[in-house]
Amino acid sequence: MDIVVNMSSGLCLLLGSFLCLSGGIGIIRFPDFYTRMHAVGVTDTLGAGMILIGLMLQNPDSLVIIKLLMILVMTIFISPVASHALAKAAFRNDLVPLSDRNEHKGGTESSNP
Amino acid sequence: MLIAATLAILVVMMMAIIRGFIGPTLYDRILAVNMFGTKTVLLISLLGFVMGRPEFLDIAIVYALINFISIIGVLHFSDSAAFGNDPHDTGSTKKES
Amino acid sequence: MRDLFAVVMMLGIFGLLSASFFVVMDAVDVAFTEASVGAGISTLLMLTAVTLTGRLEDGERHRPMWALVVVFITGGLLIYGTLDMPYFGSADAPIHQHVAPRYIHDSMQETGLPNIVTSVLASYRGFDTFGEVVVIFTAGMGVLALLTMGSRTGIHRVMADSIFYLMHEQHLILRILTKILIPFILLFALYVQFHGDFGPGGGFQAGVIFAAAIILYAMVFGLSTARRVINRTFFKLLSAIGVLLYGGVGVVSLLNGGNFLDYNVLADDPVAGQHLGILLIEFGVGCTVASVMVIIFFNFSGRREFP
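Chains as they are written, first to last, in our numbering: chain D, 5 to 117; chain E, 597 to 693; chain Z, 759 to 1065.
Next comes chain D alone, as it looks inside the complex (with noise of 0.2 Å):
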């Protein structure tokens, strides 16, 4: 049961590790702002997730695990919010998604505000 315990909050741990560097990745490579944001959007929350819960499997003292649980409801409400509030003023403040027709790097000034 011990074994059981401690190789799935391992693998959490790792997973969440994996997600937040392929985040990390995503910020560094994407070509515009708004791919950056979808990376580090999607991977942030899941990965957070993902460590917060292996965190919890490794504790058994009730008060640490509720103390956990109050930051993960945090995370998953929070991060989502925050990207979607940052996604909604970059694109009301006119900066353009790169696509096809406008092929510069990290998005261009749209030419009708």
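Mixed in with the good hints there might be a few duds.
Only part of the chain Z face toward chain D is listed, based on derived beta-carbon distances under 7 Å [claimed, not checked]:
no. : residue
1   : Ile931
2   : Leu932
3   : Leu935
What follows is a list of derived Cβ distance ranges for each label pair [as the list claims (entries may be wrong)]:
no. : chain 1 : residue 1 : chain 2 : residue 2 : range
4   : Z       : Leu836    : E       : Ile599    : 28 to 38 Å
5   : D       : Ile80     : E       : Ile599    : 24 to 34 Å
6   : Z       : Arg819    : D       : Phe81     : 46 to 56 Å
7   : D       : Lys92     : Z       : Leu1013   : 55 to 65 Å
8   : Z       : Asp842    : D       : Ile70     : 44 to 54 Å
To list a few chain D residues with every Cβ distance to chain Z over 12 Å, as calculated [said to hold, decoys possible]:
no. : residue
9   : Tyr38
10  : Ile57
11  : Asp65
Rather than coming from a laboratory, the hints here were simulated on the basis of the structure. All C-beta atoms in this analysis are idealised placements derived from N, C-alpha and C, irrespective of residue type, glycine included.
Starting from the known structure of chain D, arrange chains E and Z on it as the hints suggest.
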């Protein structure tokens, strides 16, 4: 495994700092700060376990809340009329390209 | 980097980074303060200041080269000076010789608090903390004196209302999440306030978190809505009441026959007196910090609203 996860988080934090420096738009920097904040929450929770001090989790909760508030604040002020409609920070883009 | 907005963003990253550094150094209370003040509130206040002054830096009127040279020389000398200092954590360092052993060995018996940082901050070094609270109060009064605007009603108020209505009409998801989160933030601030005796936390951090919740409300729902909820006269009073509570505890201990801020005489049992005194002054600190932060934010952003 905890150490490996901590190292991975540190690498990702480095990547976020790089993106925060090279920009090029303001929103990239905000995104980098947001990502950095989330990763700090994770780093502090992981460090609490590595060092055997679970009271670090209180700080992680504060971070999760404060991070949200500061991101909302930044977006609020970037929306406001005082800044006009220029999403690009002219200074560093000129240097970069 | 000419864009001050981007500079403030990098400052936020710096705050987060230095707080992680404090966590690694095991200074949990300092990390807590840095988390709430350095990364949270100061970023917001800087941004409000930037909106008042303009976003781009002015052109250079001087050569930064010489200043940089001076900074490098001074920094090099300082680093050279640290070579003479004892190694980090060595047992015979001067800082570990004088008062630190007493704090570590006796604070549990003398104040009855498990968190040494709180007992040092609130009891052994009560004077210093009183000075800090007075400084914060003075800063709030300074902002009030310099930046406060007469309450202009009429067309400006209506215009500001409609601007905020337009701006926030679309933020439906944000508003719902904010409504869910604010009670938790306030509750967590109270937890930090009253748990400071036992774990990391205390009045300064709690006050800042409390103020952050109110500022979040003001940003998402608009300043005029927030003004309807938050009575500004009450907050001005509250900032004074916090300082007065702190000083009053000191005066009461004087009247009871002890020294100023000597909590042993507050109750029959010295440990109970210490506990009561620390609880009261932490509460005073929390009141002052929270109300001063709210006052500063409202005055800064209120100015932008009525140009």
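Hints violated by the structure (listed by number, smallest first): none
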